[in-house]
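*Asks:* Fit the two chains together into the complex; they arrive one by one in their own frames, and the hints show the way.
Residue-level listing of the chains:
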Amino acid sequence: MHPSLSTTASPAAAAFDESDLVRLLTPDGRRVEHPDAAWSGSEDDLLALHRDMVLTRRIDTEGYALQRHGELGLWPPSLGQEAVQVGTARALRPHDMAFPTYRDHGVTWVRGVPPERLLGLYRGSEQGGWDPAEHGVALPAIIIGAQTLHAAGYAMGVLMDEAVGHDDAAKDAAVAVYLGDGATSQGDTLEALSWAASFTLPVVFVIENNQYAISTPTNRPGGVPLVRRADGFGIPGVRVDGNDVLACRAVMETALQRARDGRGPTLIEAVTFRRGAHTTSDDPTRYRESAEEEYWEARDPIARVRALLDATGSHAEALAALDAEADALGEHLRAACRAVPDPDLADLFDRMYVESTPELQEQREAVLAWRALGDEEAAR
Amino acid sequence: MTRMSIAAALNAGLRKALEADRHVMLMGEDIGRLGGVFRVTDGLQKDFGPARVIDTPLAESAIVGTAVGLAMRGYRPVVEIQFDGFVYPAYDQIVNQVARLHSRSGGTQRMPIVIRIPYGGGIGAIEHHSESPEAQFVMTPGLKVLAPSSPHDAYWMVQQAVASDDPIVLMEPKRRYWETGEVGDDPDPLWSSQVRRPGGDATLVTYGPMVATCLAAAEAAAAEDREIEVVDLRTLSPLDLAPVVASVRRTGRVVVVHEAQRTLGLGAEVAARITEQCFFHLEAPVGRVTGYDIHYPPSRAEEHFLPDVDRILDAVDATFDAAGAELASSERPGGIA
Ligand SMILES: Cc1ncc(C[n+]2csc(CCOP(=O)(O)OP(=O)(O)O)c2C)c(N)n1
Chain B
1 MHPSLSTTAS
11 PAAAAFDESD
21 LVRLLTPDGR
31 RVEHPDAAWS
41 GSEDDLLALH
51 RDMVLTRRID
61 TEGYALQRHG
71 ELGLWPPSLG
81 QEAVQVGTAR
91 ALRPHDMAFP
101 TYRDHGVTWV
111 RGVPPERLLG
121 LYRGSEQGGW
131 DPAEHGVALP
141 AIIIGAQTLH
151 AAGYAMGVLM
161 DEAVGHDDAA
171 KDAAVAVYLG
181 DGATSQGDTL
191 EALSWAASFT
201 LPVVFVIENN
211 QYAISTPTNR
221 PGGVPLVRRA
231 DGFGIPGVRV
241 DGNDVLACRA
251 VMETALQRAR
261 DGRGPTLIEA
271 VTFRRGAHTT
281 SDDPTRYRES
291 AEEEYWEARD
301 PIARVRALLD
311 ATGSHAEALA
321 ALDAEADALG
331 EHLRAACRAV
341 PDPDLADLFD
351 RMYVESTPEL
361 QEQREAVLAW
371 RALGDEEAAR
Chain V
1001 MTRMSIAAAL
1011 NAGLRKALEA
1021 DRHVMLMGED
1031 IGRLGGVFRV
1041 TDGLQKDFGP
1051 ARVIDTPLAE
1061 SAIVGTAVGL
1071 AMRGYRPVVE
1081 IQFDGFVYPA
1091 YDQIVNQVAR
1101 LHSRSGGTQR
1111 MPIVIRIPYG
1121 GGIGAIEHHS
1131 ESPEAQFVMT
1141 PGLKVLAPSS
1151 PHDAYWMVQQ
1161 AVASDDPIVL
1171 MEPKRRYWET
1181 GEVGDDPDPL
1191 WSSQVRRPGG
1201 DATLVTYGPM
1211 VATCLAAAEA
1221 AAAEDREIEV
1231 VDLRTLSPLD
1241 LAPVVASVRR
1251 TGRVVVVHEA
1261 QRTLGLGAEV
1271 AARITEQCFF
1281 HLEAPVGRVT
1291 GYDIHYPPSR
1301 AEEHFLPDVD
1311 RILDAVDATF
1321 DAAGAELASS
1331 ERPGGIA
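Heads up: the sequence lines are chains B and V, in that order. Position 59 of the first sequence, counted from 1, bears residue number 59 in this note's numbering, the numbering being contiguous throughout. Just add 1000 to the spot in the second sequence (first one is 1) and you have this note's numbering.
Same shape as in the complex, but just chain V (with noise of 0.2 Å):
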């Protein structure tokens, strides 16, 4: 067990699936010299060389379009996409082929690619570098999705998603890449959600950079003796929703939250199959709490667009509120000031 930040154990991941496999190399503008904006590849390329730390020229279509040649070649690239809104250059690339290989060849050719992306607001940038473009990739047959929410997670998760044979996007919650946990000795399944914290009153679903936040949201309520369940996701693409239905079996109270904009953004899904398996037992409708139907609004206006400890709170007071239980889903008064 050890403490470190998310940096540091991305970093610290990254490096031991380097030293798992040969054939597992990094790319992506500026992660070899710079070690990365954020330093998660801080002196990787010094130990591992620059053929297996590329610094690559600024074009985010190739730095995907080339992992798929290199794929094909039997390496196992992980690309950083330097900002989550520099992404759709390659979306083409990750939708229209690495997304689809795989299955037009019959099943024969593998794509164990990470896109790793560093996404989500908080942290006072311009735009282009606070979105949480992750449905998209979501409802995109043919990747995985997965969402860290601690060192623990990062550390391992980075490495689970090299070994994986499978396209994976790995969304790191930039802005909670300084803070720090513990690491442990063993991964949890990849492809599970986990409770974070118990609770017998209300549920809250959430993943990546907001798992914090419904944290101390859960922390202030116990404070006013109401219990909140929180569930971190974790996976994205395929979800794990079993611990969500079985909290909200007992709980029969629920608020999904994310950063990313509420129109079919993953609390829609979510939202929809707690619906379908959990009807009866729902004691008011499914509430979300979510960024709004805008662009991912100038710095100074972010903490209105953020779901804080208050909106959250918010919401879970909806599904207690018979009256106002139909307001959960919808925007509250006083939303954005």
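Isolated chain B, as found in the complex (with noise of 0.2 Å):
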């Protein structure tokens, strides 16, 4: 293949930039300032986004064994992820809605969708499951980029709601919408952010840049960052480190707030790295480097909060108590992942539509006849 026509170089680690990133938290656990965000969170609160980035933590563990142990099909990790999911989802609030793709444990988790539901999606029993409305949650996008349109379209509803401008934390919604590094390749990613600047919508952009999409590299042209987007729409763009549970929950006040306001969109490019596979049936090993997965290793998200916990005092008593939570969680995951019910072969024909029709009852009178009549036989 002609050189220039390759997409698979591997992005050398050290020519990593990190000049331009928002960034509270140092990788080893230091507070610093910066002039675009602010965080004067409590002790309490920082305990808080620690306690959800280790919970997520272990829903993800969870799935990731439960499909080696065949309980599930699939399973999209979320390892090193979970500053970006819980920092942005926990600026959001209850009447917020948020379009999470199918890696964002850490969001489902924050909106409340007990975490049991996601097993269904990758166990084979459901393909969502829950109430979005009833969680402030989509469900999880597949189709690389769908969900942008749909966080565009619900925020056309805030605006015609009169939802934002008022001042008031009762009354003003926003919409935040998650996608990959790779989602920004795609059409309706373009469409969504065309639309949101045309219509000066209240949405954020969260891209999680994980640096792969499956094994392409985040695609920068001339080395251009994917914040830069922002810019041909005419809309505020901020790169922040993905890592950094507090910077990531800071901006993404900032950009809420902004579209609570009625100021209109706002993009974020959260630098971050998808530590483990792309899903269980990937094998990361051939299209990267362990220098690279060394380098994202030191800039774990939790451990740089637990270090800047370590060092404000002692939460021995907390930080047990999280354990033990944890492996109570771990336990809960593992026994109704095996109590996840086989789908209901007569709710698939009843939830096509809200008004059945005549042609669907016929055949789903006939299949549940079939099936009848093989468990009579099974019994027999």
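Relax, there's no trap hidden among the hints.
Here are a few chain B residues that face chain V, going by a calculated C-beta distance under 8 Å: (1) Gln-127; (2) Gly-129; (3) Pro-132; (4) Gly-157.
Some chain V residues near chain B, calculated using beta-carbon distances under 7 Å: (5) Gly-1065; (6) Gly-1069; (7) Gly-1106; (8) Gly-1107.
Calculated directly from the structure, the hints in this document are not laboratory data. We put the beta carbon where it would ideally sit given N, CA and C, even for glycine.
*Replies:* See below:
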């Protein structure tokens, strides 16, 4: 192949430029200031963010193990991306709406979706399985980029409901949409950015730049960071350290407030790294170097908050309780996974339409009768 | 009772829907200030404002994809795809999102979206402006598909579609937009086929723009003492085949007519079901008159592509001609001159 057509060269970790990242917590856990972002949370807030990240990681570890034990068909790991997911999602208010991807276990966790509901999707028992309105979080999009348009449309609805610009937390709402670096190549994403800019929509685009779309490294033509895509649409762009939960929360709060104030969309590029495989069917050793993985391991989002906590005082009791909570969550997930019911055949027909059709009812009766016959024979 | 064109009937129906529910809103390219390229939305932005009748950027996937989000927020978007051939950039959103979200959410998330598509040929247009993609939506579980053929149906169906909590693709017969007819005071039941002309000798099954053509064929046949029953399917998904089955059991002869290409067109499904349900009543194989399995041709050849009265009557003749009966379903000589 002509070398200029190759997009698969591994980005050299050493050449990684961090100078333009908004950061409030260094990789070794020291607090720093930034002119455009501020964190003024309490010790308890810090512990709460830490808890969310630890439990998200536990959900992920369990998901991975359950797949390896044959209980799940597939699992997309979120290892290493806990800070961007938890930090940004914790900036949302209950009546805001989030549109996640298949990897955003931290987002669904923060929005209160019981984690066992996630398992149904990957076990093959459900294709989503919750009511988006109940939790303020849409079903994860599998089609890359599709959710960006849903978020833009939802944000149009927010505008039409006049739910921005009141300066009143109870009235104003905002929308967050999560996408990968790969998704920035999709037409839908560009249409959504164009739409959001055209209508000044209250939506925040959170690009989780985890460096790879399966095996394809982040496409940075001419070395242009993804955040600069915002320029072409005339919207603000922020490049944040995606492994720094404080910075993620801070920039998201600013972006959401801007949206709630009716001042329009923001694009956030959160620079992070997917430490695990793309999914459990992937082999990352075929497309990336161990040096790169080590570089990012040293930037672990949980370890740096933990270092800050250790430096600020003794939290032995809280941390021990968290360990126990994580173990209990793991146990619960393992049991809940096996208890996820198989799909109900009648249900699959019943939920096709709000108002079913005679034809579908006929097919439903036929398949149920056929199944009953099979069951009878098996019982004999 | 009032007389009006199909375009005017759709306009009046949309107006009614906008008045009935403040959550109803229209989106599409050029539908506001211009009133749509066919003027179906004429005057609606003026009366309901630019926030309820929205001129969108030129982005079909976005038009449908944002309708999904609006539906999640409680709105009832009616989106216009400017022409049939432009629905494909939005096909992914229609098939993978609109059609699936109700089911994916365990039946909790409603998708009350109407996707209006002016479709079909016969207007001398350039390419991508004369397509008949209905079968692609009919074969998609989770969608419902309607094809009005008269001003009366256009007026009522668009309102029924907007009121429905399921996503509906409304196939509008663009070559008939300007044909006029009576709009009655009461709608027909939404999911029903209708006998448009009774007759005991043979049955024509059709929908959309071909209803008028089939009625003309039946008229011509009557002059030669052959009474042809014409059934308008109206609703393509779900199909209401009871009137078709009843008709074929009486006549024993049937031809299915549509503009779309033949292979796996709706006629294939209808023919299969008639065979399943009327086999011992049939005097001849089920005939089909359709477009050919080529791209919709340049407009100077479209008269050869589109089923017309002669091709339809020829296919009906074949069902009476025992020797020629097996030809009824295949290309007869002299098809595309
Ligand atoms: C439209 C579409 N094309 C291809 C795929 C297959 N696929 C699944 S994930 C993925 C990579 C996505 O990368 P990115 O957007 O960076 O997100 P990440 O998985 O890294 O979180 C691909 C190609 C898909 N799901 N949807």
